[in-house]
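Hey, can you work out the whole structure from these sequences and the hints?
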Amino acid sequence: MADVKAIMKMIEENDVQYVDFRFSDPRGKLQHTAQHVSTVDEDLLTEGIMFDGSSIAGWKGI
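Going by the working numbering, the sequence shown opens with residue 806, and the numbers climb by one from there.
Derived by calculation from the structure, the hints in this document are not laboratory data. In this text the structure is predicted, and so the values were computed from the model without any measurement. Quick reminder that beta carbons are idealized off the backbone N, C-alpha and C, glycines included. Take these hints with a grain of salt, some might be off.
Unchecked claim - Label pairs and their computed distance ranges (CB to CB):
#, residue 1, residue 2, range
1, ALA811, ALA839, 17 to 25 Å
2, HIS841, VAL809, 25 to 33 Å
3, ALA807, LYS865, 20 to 28 Å
4, SER829, GLU852, 27 to 35 Å
5, LYS865, ASP820, 33 to 41 Å
6, ARG832, ALA811, 14 to 22 Å
7, MET855, ILE816, 19 to 27 Å
8, ALA811, ILE854, 12 to 20 Å
Here it is in C-alpha cells:
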C-alpha cells in the first residue's frame, strides 16, 4: 500500500494528466491503455482496470 500512496503523491506533485498502463498480451506483444488522472485512485491501482480486450490479439473476440 505504501507504493500506491507514493504513486498517488507523485501524480499530484508532478501535475500528471494521464497515466499510461502497459502490459503484454498473451503473445508477448506490448499493449497499453492511457487513463485520465481523474480516473486513477488507490482502488484502481490495487484492484486493476477493466477494458475491452476484444481488440487485443489472443483475447476474447466480440
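Status of the hints after comparison with the structure:
{"no.": "1", "hint": "ALA811 to ALA839: 17 to 25 Å", "result": "holds (21 Å)"}
{"no.": "2", "hint": "HIS841 to VAL809: 25 to 33 Å", "result": "violated (18 Å)"}
{"no.": "3", "hint": "ALA807 to LYS865: 20 to 28 Å", "result": "violated (35 Å)"}
{"no.": "4", "hint": "SER829 to GLU852: 27 to 35 Å", "result": "violated (20 Å)"}
{"no.": "5", "hint": "LYS865 to ASP820: 33 to 41 Å", "result": "holds (37 Å)"}
{"no.": "6", "hint": "ARG832 to ALA811: 14 to 22 Å", "result": "violated (32 Å)"}
{"no.": "7", "hint": "MET855 to ILE816: 19 to 27 Å", "result": "holds (20 Å)"}
{"no.": "8", "hint": "ALA811 to ILE854: 12 to 20 Å", "result": "holds (19 Å)"}
The structure is inconsistent with the numbered hints 2, 3, 4 and 6, although it conforms to all the rest.
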